[in-house]
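Chemist: Letter by letter, the chains look like this.
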Amino acid sequence: MKWLALILSLSATPVVAEEKIVSGLSQNRVSITADFDGSELLIYGAVKRESPIPSSKLDVIITVEGPSTPLIIRKKDRVAGIWINRERVRIDAAPSFYAVATTGPLRSILSETDNLRHRITIPRSVRAIGLTGEASGSDAFVDALLRIRRDNGAYRSMQGAVQLSDETLFRTDIVLPANLTEGEYKVRLFLTRDGRVVDHQDRVIFVRKEGLERFLFNLSREQPLLYGLLALALAGLAGWGASEAFRLLRR
Amino acid sequence: MQLYLPIAEVSVNAFLLLGIGGIVGFLSGMFGVGGGFLITPLLFFIGIPPAVAVATGANQVVASSVSGVLAQMRRKAVDFRMGTVLLLGGFIGSAFGIWVFARLTALGQVDLFVQLSYVLFLGLIGAMMLQESLRAWFRSRKGVPVRRSHVHTWVHGLPFKMKFRASGLYISVLPPMAVGALVGFLAAIMGVGGGFIMVPAMIYLLGMPTKVVVGTSLFQIIFVTAFTTLMHAVTNQTVDILLAMLLIVGGVIGAQFGTRVGVRLKAEQLRILLALLVLSVAGKIALDLLLQPAELFSVTPGLLP
Chain A
1 MKWLALILSL SATPVVAEEK IVSGLSQNRV SITADFDGSE LLIYGAVKRE
51 SPIPSSKLDV IITVEGPSTP LIIRKKDRVA GIWINRERVR IDAAPSFYAV
101 ATTGPLRSIL SETDNLRHRI TIPRSVRAIG LTGEASGSDA FVDALLRIRR
151 DNGAYRSMQG AVQLSDETLF RTDIVLPANL TEGEYKVRLF LTRDGRVVDH
201 QDRVIFVRKE GLERFLFNLS REQPLLYGLL ALALAGLAGW GASEAFRLLR
251 R
Chain B
1001 MQLYLPIAEV SVNAFLLLGI GGIVGFLSGM FGVGGGFLIT PLLFFIGIPP
1051 AVAVATGANQ VVASSVSGVL AQMRRKAVDF RMGTVLLLGG FIGSAFGIWV
1101 FARLTALGQV DLFVQLSYVL FLGLIGAMML QESLRAWFRS RKGVPVRRSH
1151 VHTWVHGLPF KMKFRASGLY ISVLPPMAVG ALVGFLAAIM GVGGGFIMVP
1201 AMIYLLGMPT KVVVGTSLFQ IIFVTAFTTL MHAVTNQTVD ILLAMLLIVG
1251 GVIGAQFGTR VGVRLKAEQL RILLALLVLS VAGKIALDLL LQPAELFSVT
1301 PGLLP
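As given, the protein sequences belong to chains A and B, one line each in that order. Each residue of the first sequence is one higher than the last, beginning at 1 in this note's numbering. Each residue of the second sequence is one higher than the last, beginning at 1001 in this note's numbering.
Careful, some of the hints might be misleading.
Unchecked claim - Quick list of in silico lysine-lysine cross-link-like pairs, BS3-like style, CA-CA up to 25 Å:
#, chain 1, residue 1, chain 2, residue 2
1, B, K1284, A, K76
2, A, K48, A, K186
3, B, K1211, B, K1076
4, A, K75, B, K1284
5, B, K1211, B, K1163
6, B, K1266, B, K1142
Hints are computed from structural coordinates only; laboratory data are not their basis. Here the structure is a predicted model, which means the values were calculated and not measured.
One chain only, chain A, in its complex shape (with noise of 0.2 Å):
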């Protein structure tokens, strides 16, 4: 047995041989303008080795990660026949968006230890923040935010979606969602050999407001009663103008 974890260990030595990867990203900023619709986002690189391919079979897993925002979950109870809102638990922070294209199961290509350390899997990345609870058993709120957050697509599983050739081109697309979050959003990614993270790097793209709404978002945040007067003079002059236009189309 123990000739046999000896040759394990042998022939896994060359997989720490230097495999890095090369990126690129089709776009570095993502800018929301009024007609902003969801944006496609192509990751593509290469590995870089001086040695030969080893034997193990190469993954390549390629994460997302929106800016992390706190969160209250609640839940409702029944109280005398009406449904309210009774436990909540409280979420330092939660990303906004988060996605994880791979080149298979996950299940196969990445080792609990490993996971936990970089905090790949959505439950994991999730997981790892800080919960004040206030409530009993608030496993089952982290598990109602990972349900709601990957039904209305906020995160997402794509297992299978990065496409390898030779072992060393790959690319994946990554659609982010219409109802983007301003801020900073890392792509990490990673190279596994047997379960095992071989080479990682992180990217960032910046989404950020543009043109109108940028103007219109920085306003009402700097002089937001500049803002709130604007927004009345606006609606006393739509109403006005509708009046009149009426008035002089009836004529």
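Since the structure of chain A is already known, use the hints to place chain B on it.
Modeler: Just chain B now, kept in the frame of chain A:
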């Protein structure tokens, strides 16, 4: 055509928003209600965050009310004096309401309270209006002349009497002030203009003629909702101008058509329709409270207060 909303941070179909604005504007012009109790649930439904929906709904109501008031003014159907008295009461009630709202938020049960008051007030007022207007309608169909006898009650014995010429009333300012304060209070708590409470209160409590009620109610709503919009813009920064503009463009056009249809209908018919509308919204909210929701959990961004 998809449009990205800067404050709501969602992308929505522009024509859908125009349509929602149009429908609510139509009803607003027809009945003299601001439409806040309709637009806010509709915006929730298409995925606008609740805080943004409430604040922007108020902004849209300002525009449709301005448009409606101008149309009513041309037929001299606005009692400015009464409107001002109601408004004074309204601000007092609204300030108190905002204080109560903050207390309830601290206690963490504000959602439930808002929903329950919707069901209670919409249900009560809807039922009362329906019953009364149906009776009036049957009476007018039978051909029995409607007697608008001036019933003298304790209301007429109160001091500070004032002449409201447009309404044909000579009553104390205290009842309208009280009505205004009640409406302002409820409006602040329920996040609506309060037209659906104001209109029946003016008809049944103050005895104002229906013809003047719509214009006067709209006049009062402009100021209450303008106040609400400003409060939301400054304290919560949740007013989305782009969303509001789309709703407004649909709304002001709808309001013009609504006003036109409104004058053609008989007062009783108008009241029956409004009562049915109010009742159906109350019924919908009551069902939401009573039936088991498909998803028990809800996720809201932000920190607990």
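Chemist: Now, for every hint given, state plainly whether the structure supports it.
Modeler: Results for each hint:
1. A hinted pair counts as satisfied when its Cα atoms are at most 25 Å apart, and K1284 (chain B) with K76 (chain A) qualifies at roughly 18 Å.
2. Under the criterion of a C-alpha separation no larger than 25 Å, the hint pairing K48 (chain A) with K186 (chain A) is consistent with the structure, at around 22 Å.
3. A distance of roughly 10 Å separates the Cα atoms of K1211 (chain B) and K1076 (chain B); the hinted pair therefore holds under the 25 Å criterion.
4. A C-alpha spacing of about 21 Å is found between K75 (chain A) and K1284 (chain B), which places the hinted pair at or below 25 Å, so the restraint holds.
5. A threshold of 25 Å between alpha carbons decides the hint, and for K1211 (chain B) with K1163 (chain B) the separation of about 18 Å falls inside it, so the pair holds.
6. For the hint pairing K1266 (chain B) with K1142 (chain B), the CA-to-CA distance comes to about 15 Å; that is within 25 Å, so the pair holds.
Hint compliance for this structure: every hint is met.
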